[in-house]
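Chains A and B, in that order, give the protein sequences. Taking my numbering, I'd label the letters of the first sequence as residues 175 to 690. Taking my numbering, I'd label the letters of the second sequence as residues 35 to 379.
I should point out that these hints are in silico values taken from the structure, not numbers from a laboratory. Because the structure is a prediction, the values reported are computed rather than measured. Ideal placement from N, C-alpha and C gives every residue a C-beta, glycine not left out. One or more hints might be untrue.
[What the hints assert, rightly or not] With the Cβ distance kept under 8 Å, some of the chain A side facing chain B (calculated, not the full set):
(1) F208
(2) A382
(3) G534
(4) L545
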Amino acid sequence: MNPVAVAAACATLICASPALAVFAFALSGEAPSFGGALLRDGAIGTFSLIAAGGGGAIMLGAAAAWLVSLCRFPGRAVFEWLLVVPLAAPSYVLAYAYASLTWAGGAIDFPVAGFWGAAFIYAVGLYPYVYLAARAAFASQSVCALEAARTLGAKPWALFRRVALPLARPGIVAGGALALMEIAADYGAAQHFGLTTLSTAVFRAWYAHGEPVAALQIASVLLLAALVFLVIERRARGRAAYAGGSTRWRPLPRYDLPPLAQAAAVIFCVALVTFGAFLPLAWLARLALLYGGLGDVAQPLINSLLLAGTGAVVTLVLAAAIAASARRGKMIGKAALFAAAMGYAAPGAVIALGALSLFGLAREVGWIGGLGGALALCALIWAYAARFASAGAGPIDAGLARLSNSLDASARTLGAGPLKRLMRVDMPIAGPSLAAGALILFVEILKELPATLILRPFDFDTLSVIAYSYASDERLLQAAAPSLLIFLAGLAPILVLSHGITRARAGARAGAAATA
Amino acid sequence: MTFSPSRRAFTLGASAMALAACSQDAGANEVVNVYSARHYDSDRRLYEAFEESTGISVRALTGSAEQLLERLRAEGEATEADLVVAADAGNLWRLKDAGLLQNTVTPTLETSVPAGLHDPDGAYWGFTRRARVIIYRRDAVQPEELASYDNLADARFRNQIVMRSSTNVYQLSTLASRIERLGVENARAWAAGVRANFARDPQGSDTDQIRAVAAGEAQATVCNHYYYLRLQQSDDPADRETAEKVGLIFPDQNGAGTHVNISGAGVTAHAKRRDNAVRLLEYLVSDEAQTLLAPLNDEFPIRPEIAPAPALAALGAFRAEDIPLSALGENQAEAARIFEEVGWR
Numbered sequence: 175m176n177p178v179a180v181a182a183a184c185a186t187l188i189c190a191s192p193a194l195a196v197f198a199f200a201l202s203g204e205a206p207s208f209g210g211a212l213l214r215d216g217a218i219g220t221f222s223l224i225a226a227g228g229g230g231a232i233m234l235g236a237a238a239a240w241l242v243s244l245c246r247f248p249g250r251a252v253f254e255w256l257l258v259v260p261l262a263a264p265s266y267v268l269a270y271a272y273a274s275l276t277w278a279g280g281a282i283d284f285p286v287a288g289f290w291g292a293a294f295i296y297a298v299g300l301y302p303y304v305y306l307a308a309r310a311a312f313a314s315q316s317v318c319a320l321e322a323a324r325t326l327g328a329k330p331w332a333l334f335r336r337v338a339l340p341l342a343r344p345g346i347v348a349g350g351a352l353a354l355m356e357i358a359a360d361y362g363a364a365q366h367f368g369l370t371t372l373s374t375a376v377f378r379a380w381y382a383h384g385e386p387v388a389a390l391q392i393a394s395v396l397l398l399a400a401l402v403f404l405v406i407e408r409r410a411r412g413r414a415a416y417a418g419g420s421t422r423w424r425p426l427p428r429y430d431l432p433p434l435a436q437a438a439a440v441i442f443c444v445a446l447v448t449f450g451a452f453l454p455l456a457w458l459a460r461l462a463l464l465y466g467g468l469g470d471v472a473q474p475l476i477n478s479l480l481l482a483g484t485g486a487v488v489t490l491v492l493a494a495a496i497a498a499s500a501r502r503g504k505m506i507g508k509a510a511l512f513a514a515a516m517g518y519a520a521p522g523a524v525i526a527l528g529a530l531s532l533f534g535l536a537r538e539v540g541w542i543g544g545l546g547g548a549l550a551l552c553a554l555i556w557a558y559a560a561r562f563a564s565a566g567a568g569p570i571d572a573g574l575a576r577l578s579n580s581l582d583a584s585a586r587t588l589g590a591g592p593l594k595r596l597m598r599v600d601m602p603i604a605g606p607s608l609a610a611g612a613l614i615l616f617v618e619i620l621k622e623l624p625a626t627l628i629l630r631p632f633d634f635d636t637l638s639v640i641a642y643s644y645a646s647d648e649r650l651l652q653a654a655a656p657s658l659l660i661f662l663a664g665l666a667p668i669l670v671l672s673h674g675i676t677r678a679r680a681g682a683r684a685g686a687a688a689t690a
Numbered sequence: 035m036t037f038s039p040s041r042r043a044f045t046l047g048a049s050a051m052a053l054a055a056c057s058q059d060a061g062a063n064e065v066v067n068v069y070s071a072r073h074y075d076s077d078r079r080l081y082e083a084f085e086e087s088t089g090i091s092v093r094a095l096t097g098s099a100e101q102l103l104e105r106l107r108a109e110g111e112a113t114e115a116d117l118v119v120a121a122d123a124g125n126l127w128r129l130k131d132a133g134l135l136q137n138t139v140t141p142t143l144e145t146s147v148p149a150g151l152h153d154p155d156g157a158y159w160g161f162t163r164r165a166r167v168i169i170y171r172r173d174a175v176q177p178e179e180l181a182s183y184d185n186l187a188d189a190r191f192r193n194q195i196v197m198r199s200s201t202n203v204y205q206l207s208t209l210a211s212r213i214e215r216l217g218v219e220n221a222r223a224w225a226a227g228v229r230a231n232f233a234r235d236p237q238g239s240d241t242d243q244i245r246a247v248a249a250g251e252a253q254a255t256v257c258n259h260y261y262y263l264r265l266q267q268s269d270d271p272a273d274r275e276t277a278e279k280v281g282l283i284f285p286d287q288n289g290a291g292t293h294v295n296i297s298g299a300g301v302t303a304h305a306k307r308r309d310n311a312v313r314l315l316e317y318l319v320s321d322e323a324q325t326l327l328a329p330l331n332d333e334f335p336i337r338p339e340i341a342p343a344p345a346l347a348a349l350g351a352f353r354a355e356d357i358p359l360s361a362l363g364e365n366q367a368e369a370a371r372i373f374e375e376v377g378w379r
């Protein structure tokens with residue numbers, strides 16, 4: 175039995191079951207009368223937000239990645255890692271921070287509100303997903319293709335548009351898909367800005383109408399939409415093969431930008447990190463100082479870090495199994511990739527609800543008892559895996575997509591089995607992508623709120639839980655400190671791994687593996 | 035080689051989980067497990083005081099009432115939770131309606147909680163009261179123009195009202211009480227009238243509505259009374275300035291009275307430590323807890339004899355509406371439908 179296929183099958187079962195439970199329970203009830211209008215308005219809202227906020231995030235992220243990877247301008251090396259920073263700030267924290275900073279009578283009298291406010295926050299908060307994936311893609315591009323284009327006289331823009339961009343497309347698409355699904359799943363920011371999206375419609379059916387089954391029905395539509403989106407994306411990518419041109423790895427050639435363009439590049443990068451992180455966080459820091467004292471955050475901080483660490487490792491392993499299997503063209507792997515994507519597009523509370531329903535079934539059968547202590551923690555890790563496997567699998571899959579088919583074929587010819595090929599060929603080459611996946615998972619789980627809120631054990635609070643508790647009680651001053659800590663706790667791993675991706679470019683190990 | 039940091043992290047995580055699991059089962063001492071939709075530091079203080087006086091330690095899990103309900107439902111008879119706390123009668127009613135609470139009637143509870151502020155069967159008992167008040171901008175509105183909730187629908191206030199989303203349960207309960215008193219048609223006409231006066235689509239929290247009124251985006255809104263008091267007593271000078279620009283009205287003092295809601299608690303249907311849960315419930319309505327709670331969260335004590343916090347007392351006495359609490363739950367679905375119909379999301 176092929177161990178990769180078995181691992182992939184297990185990973186799929188773990189990651190897809192809560193989403194499948196959502197479908198099953200959605201079918202168990204009748205559609206309510208209020209559902210139609212909610213669904214229609216929600217779909218329009220989600221689609222518009224994805225177009226505006228997601229489009230913005232993709233353009234900002236791809237442009238930023240190209241600037242720092244292929245151009246030379248003052249501060250480039252600093253921006254290269256600084257641009258990742260907004261990834262550490264959850265959308266709901268950004269929304270609250272901007273709302274208290276920019277209302278009509280506030281410190282900045284230009285309200286970030288309504289549809290465009292939300293789109294703005296998604297664009298500046300989520301572009302790092304695209305930036306990271308695109309930068310990893312640029313960083314592992316063959317120098318030869320770029321140099322050939324330059325020799326042929328290509329200007330920076332043409333080089334970007336006609337060579338670098340197409341080569342980086344799998345990365346940009348994978349990162350962009352993450353950003354879009356983040357938007358589709360977001361509840362906190364959209365609800366705060368008073369928008370009707372599929373996500374807010376889910377909670378409206380659940381909270382206002384008291385109909386959790388109707389909520390799952392709306393959630394199913396969201397999941398199906400994610401599925402369709404992913405299928406279209408796959409088909410568009412088609413069977414295009416990204417065979418590397420060369421096994422020589424050298425530093426990337428960078429363009430010297432003209433002075434005016436240099437200034438523009440600097441302003442662009444400064445604006446991104448300011449709006450995406452420093453401005454709202456400086457405001458939160460001010461609020462925290464006004465309140466004085468951190469409150470009781472030591473234990474929640476430890477809980478957050480342990481959960482995020484454990485969750486990231488478990489999810490990364492599952493994601494790697496799924497991605498590797500999908501890469502080998504196994505049906506189960508492809509199906510798993512789709513299933514995982516559904517989890518990512520669903521609000522965390524919906525996945526938790528799916529997990530809870532399965533838990534209820536297992537209890538009725540008598541397999542397990544109450545959801546306390548260790549069992550609750552396991553349920554929580556399970557929900558994280560179901561929710562975020564796609565965030566890990568996406569980048570890994572994109573990394574593997576650059577693996578030349580001939581390399582895999584050579585390894586086969588040399589008698590390497592599936593497991594050996596995975597460990598000795600795929601994983602070393604996908605190294606930078608694997609690091610990106612780990613980074614994203616750790617920070618995602620650190621920021622995660624709804625599933626943690628529903629499934630955690632007694633007396634077990636995380637930073638996001640206490641930030642939410644204060645914010646939902648409308649005590650923004652007290653919520654400021656834990657919100658800042660979520661950001662700071664996520665910052666260190668982000669910067670370390672961000673640095674690692676850049677260094678991986680040197681290609682000592684990847685190069686050796688490629689020539690082996 | 036690539037995986038060594040991950041492996042270390044995994045070991046660390048696994049040992050931490052084992053640790054956490056141990057701490058869950060540690061302390062064979064008396065405990066009581068609480069699911070609470072109130073995430074206030076004040077409640078933490080109450081639990082600590084309870085622990086001190088009884089030796090029973092309180093383990094809490096906070097979350098939204100709707101989510102805690104689903105968790106209780108999934109856990110069924112295996113649940114570890116003994117007591118559920120919610121910040122709204124509508125959610126308490128839903129818990130009872132789903133069969134997740136058991137009726138608990140004791141002499142202490144009956145003498146401590148006034149008749150209108152608990153479930154007649156004893157499924158849930160109120161321990162604080164909150165009033166749904168009107169907030170208006172002082173330089174734009176005369177208080178008598180907004181003496182009643184009815185006035186919020188007056189044409190006088192076209193484009194001058196801001197409101198919170200009706201996904202929020204406080205909003206649902208406000209309309210549910212109107213349905214109870216005046217019927218569905220009246221409630222629908224009122225909601226449509228207020229909707230027509232919106233200065234903007236519903237967004238933000240109760241506090242955000244007060245800020246919008248103070249900043250001149252609108253002239254009036256509705257919120258729970260303690261949000262106003264919090265701004266008044268905030269550490270942030272900008273908040274205190276906001277509070278100075280607005281005034282507070284207890285509506286319908288010449289009519290049906292101001293809409294009042296409760297925070298309350300009930301013993302879970304499958305409580306494993308029922309006696310401890312009842313003791314905590316009785317403690318929440320005791321003189322000691324009520325006196326402790328009053329200054330912490332600016333809510334009204336459950337009994338009139340207990341003095342409210344000074345800032346709250348300064349608002350003066352008011353007359354509360356007199357409807358059965360269960361009506362807030364029974365009319366909730368209808369209220370949600372009406373909000374949907376008139377386009378007030």
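* Asked: Are there hints from earlier that the structure breaks, and if so, what are their numbers?
  -> none
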